[in-house]
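**Q** Here is what each chain is made of, one letter per residue.
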Amino acid sequence: MGGFILRRVLYMIPTVIVISMISFAIIQLPPGDYLSSLVAELASSGETMDNAAVAALRERYGLDRPFYVQYWKWIEGIIFRGDFGQSFEWNRPVSEMIWERLGLTFAVSFTTLLFIWAVSIPIGIYSAVRQYSFGDYLFTFIGFIGLAIPNFLLALVLMYLSFKYLGQSVGGLFSPQFIEAPWSLAKFWDMLSHLWVPVIVIGTAGMAALIRIMRANLLDELYKPYVVTCRAKGMPEWRLILEYPVRVALNPFVSTIGWILPTLVSGAVIVAVVLSLPTTGPLLLKSLIAQDMYLAGTMIMMLSILTVIGTLISDILLAWLDPRIRYQ
Amino acid sequence: MKHSLDLSAGLLAAALMAAPMAVAQDYNQAPMLDPLVEAGELPPVAERLPAEPYVEEVQERVGDYGGTWRRAIRGGGDQHNMVRSIGYHNLVRWSRDWTEVQPHIAKDVEVSDDATEFTFTLRDGMKWSDGEPFDADDIMFWYEDVLTNPALTPGIDPLWTVGGEPVTVEKIDDQTVVFKFTQPYATFLDRIAYGFGSPPTTHPRHYLEQFHEDYNPDIQALIDATDGVDDWVGLFNSKIGPIWTTTYWQNPELPTLHPWRLTNAYGEAQRIIAERNPYFWKVDAEGNQLPYIDRVVYDQVEDNEVILLKALNGEIDYQLRHLGEPQNKAVLFDNQQSGDYRFFDVQASNANQPTIYLNLSHPDPVLREIFNNKDFRIGLSHAIDREEIIDLVYFGQGEVSQAAPRPESPFYVERLAKQYIEFDPDLANEHLDQAGFAERDANGWRLGPNGEPISFVVLATDGDGRTETMELVQQYWQDVGINAQFRPVDRAFMTTTLIGNAHDAYIWDAPGGMSDSITDPRGFMPFNTTVIHIAPLWAEWVMNPEDGEEPPAEIVEQVELYRTIDTIADPQERIETMKQVLEMAADQFYSIGIRQPPNGFGIARNNMKNIIDPLAMSGPLWHPSPNTVQFFFEGGEGNE
Chain S
0 MGGFILRRVL YMIPTVIVIS MISFAIIQLP PGDYLSSLVA ELASSGETMD NAAVAALRER
60 YGLDRPFYVQ YWKWIEGIIF RGDFGQSFEW NRPVSEMIWE RLGLTFAVSF TTLLFIWAVS
120 IPIGIYSAVR QYSFGDYLFT FIGFIGLAIP NFLLALVLMY LSFKYLGQSV GGLFSPQFIE
180 APWSLAKFWD MLSHLWVPVI VIGTAGMAAL IRIMRANLLD ELYKPYVVTC RAKGMPEWRL
240 ILEYPVRVAL NPFVSTIGWI LPTLVSGAVI VAVVLSLPTT GPLLLKSLIA QDMYLAGTMI
300 MMLSILTVIG TLISDILLAW LDPRIRYQ
Chain A
0 MKHSLDLSAG LLAAALMAAP MAVAQDYNQA PMLDPLVEAG ELPPVAERLP AEPYVEEVQE
60 RVGDYGGTWR RAIRGGGDQH NMVRSIGYHN LVRWSRDWTE VQPHIAKDVE VSDDATEFTF
120 TLRDGMKWSD GEPFDADDIM FWYEDVLTNP ALTPGIDPLW TVGGEPVTVE KIDDQTVVFK
180 FTQPYATFLD RIAYGFGSPP TTHPRHYLEQ FHEDYNPDIQ ALIDATDGVD DWVGLFNSKI
240 GPIWTTTYWQ NPELPTLHPW RLTNAYGEAQ RIIAERNPYF WKVDAEGNQL PYIDRVVYDQ
300 VEDNEVILLK ALNGEIDYQL RHLGEPQNKA VLFDNQQSGD YRFFDVQASN ANQPTIYLNL
360 SHPDPVLREI FNNKDFRIGL SHAIDREEII DLVYFGQGEV SQAAPRPESP FYVERLAKQY
420 IEFDPDLANE HLDQAGFAER DANGWRLGPN GEPISFVVLA TDGDGRTETM ELVQQYWQDV
480 GINAQFRPVD RAFMTTTLIG NAHDAYIWDA PGGMSDSITD PRGFMPFNTT VIHIAPLWAE
540 WVMNPEDGEE PPAEIVEQVE LYRTIDTIAD PQERIETMKQ VLEMAADQFY SIGIRQPPNG
600 FGIARNNMKN IIDPLAMSGP LWHPSPNTVQ FFFEGGEGNE
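Residue numbers (numbering that gives the first Met the number 0), protein chains in the order written: chain S, 0 to 327; chain A, 0 to 639.
Simulated from the structure, these hints should not be mistaken for lab results. For glycine and all other residues, C-beta sits at the position ideal for the given N, C-alpha and C. Any given hint could turn out to be false.
If you want a taste of the chain A side facing chain S, the calculated C-beta under 7 Å gives, among others [unchecked claim]:
1) Thr147
2) Pro149
3) Ala224
4) Arg270
5) Leu308
6) Ala491
7) Phe492
When you get a sec, could you build the whole thing from the sequences and use the hints?
**A** Below, the structure is given as structure tokens:
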């Protein structure tokens, strides 16, 4: 086991290096750079910027240098000084900007994850055990609707409903009077009353997928001989199902941890934009549009590294849970 | 002989009325400041105001103190949201209706007869928001240590130069500075009354010296202590930038002359709060220190739809930015009662929108020859059914027009606005035949001078109906045998392409429809290389004859006539000369315009008073600020 983990960790190093290069290169792919985006942005609101000033800024930001020079400047700061660079658009250190949004991002994503698991595992089990019943069809129907409706649309609809019928302040995670207030029970309660919209919106698609996975896996297990044996020996039905086939069927949950970790941090970008959540999602989108390369690069790299770490964790967990896996 | 800048009659009357008020004990202040004065944390109001405060002429009535003005701001890059609501206080200002320049931070301006010297008299006893005095030394700091410091200002904004020579600023005494140019610059005051003229009055010397190499010998210690800066230039630039950059709004410590000062930085919190500046230098006619409203808050949102919902929900007190879009009008109209708001008009200022520019300095000699054929452009113009575009794309809003100053502007030239405007495919075909492109190939495409079918690409970016318009125009042009294709592109891509002179044609708009025709003639001649119109290479040459390419003689003549405007002292004569320049633009027929857009709109809560309706504003005219100091809530109660 120890050798297995060490080997996996060693593999991660070249992967991360390559990822950092690719993420930096991807940001440089679109034509132009931050300054041409800035000039375009200014032009669209009728404001102008002199070409000489643009050239001077380009030199100052080092945007006129070749790709590898810019890459080295960025990566060297990270390795030797833990400095992820400055965001051009926000004029602030990248690490600070990401860090302050991380707390709420985790809150939203973690609640969503709990919501998904709490809802989809029981429903998945129910649908498999009572296959082709009315309840199974109903949940399948709801699940497919959840998969089929684009998240942002659902977000807009829910926002409109909560504006129209609940008279609630829309967008964000807090009512206006709580935004600047220090943390208190009332503020926490206010957050919970706003949290349900993003949780449901982000949760529906994931929930539907997990219900289907759970149902399919469990169906595979339910008719295996060991289940029949247990039943023949007189084991109570619910205890039997929960103790054996469900445990086996849970494998996919563990192996998806690898993808969950990055989504925990990135939030659901489009939904967060639509709902104006103070999470990292809108920041990532905005930085990509503005070609704010250090901010965008850092976020993409961070997400990729989290995917790598998440994959490692799920590999380890799987190896530990599932005796069929060999350490080769 | 010098002559003083004319004061408007109204302002003069207000100033006269206010004269007896200039007795110290007669000034009033906002109730929120009373406890601070009593506790001795603030000096009394009379000591905080300058000896001769600016007297604001109110729109409806003297207001009530109090309340919070709620707005919504986008995260990142939306600093103009703050600039246009609480920023933009320059030495001189445009009158509320955008017709004349008036004194502002400067209490008086004198212009020499040859328009080379501008003497500004400041207000004695005026203070920054931290209570330190504001005087000529602050302007000298901006001039000597920022504008003319090559490290801080690598390229001087053309606004401060004439004939390639930058301005010289001299201090006469503590309250007097003079701006001198080597050549006449008659439009200087017009120009610095716009937003980009703000830098002289945004640099507090007493605060900024510590970040300047020349004043702080121990600056290295500060550089080391600040994250993310490598040298003093980086340090200085992290503390202040021009007000139109994000930096300016990210340093709450920076003293200002604005009516409200930030308490936290843009981008660091979900809600940005600006509180009243207790040292603000304006009063109303009854001696009440302005502004009336206590605080301005900006809730940060990520999406324009959320701003719309907030407005419908009554969570926005006054705003037009991100809201005043044609597609929002209906839903905002339906919810007026529940949201408890009303509309106000925003004067349109564009000369045209959208406008199609063929690249007259095209790198390919064949296309250049075709585009420079005036008959060809006339033919294309007649081929367009503008009424249909207005009906289909713009909900019937707007007037058909070429790119020209608007009828209500003093610069209106009818021929420029209305020539070649009728939709007439026969006439279009006639002109295209006349242009020498009568031959067609088997597909019906007209053949160019090289015997190949004429074909070009028009770049279109998203927004303001540009792509939808191009879709229609492409069809109109194909109907008369011109194989035009339009390509939707990203804005940054378009800018890069335009700067590189690598485009055939593109669709955008034309600025300069109102008083700004004279300062922003980009739609009427090749001029200024920032957002390039008409012909990038020619514009480069016009700005600097060492770059680009010399345009044809008539265009050089037009540019030279335009340049004489700065030598004319009389405003009326300047207008006449500008009209001649516009007549020459009509002869050239540079661009193909579609329509002049109608007035826009914004919303204000019903209890918010003294708002300006209709509101004049444009790209460089950053209204409603500085008029927002007189906004107030009926009874002083906000809507929170």
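**Q** Would you mind marking each hint as holding or not holding in the structure?
**A** Status of each hint after checking the structure:
1. Thr147: It is violated, given that the least Cβ distance between Thr147 (chain A) and chain S is near 15 Å, above 7 Å.
2. Pro149: violated (10 Å)
3. Ala224: Violated - the Cβ of Ala224 (chain A) stays beyond 7 Å from chain S, reaching only about 14 Å at its closest.
4. Arg270: holds (4 Å)
5. Leu308: holds (4 Å)
6. Ala491: Result: holds, 4 Å to nearest chain S Cβ.
7. Phe492: Phe492 (chain A) check passes; min Cβ-Cβ to chain S is 5 Å, inside 7 Å.
The structure shown violates the earlier hints numbered 1, 2 and 3.
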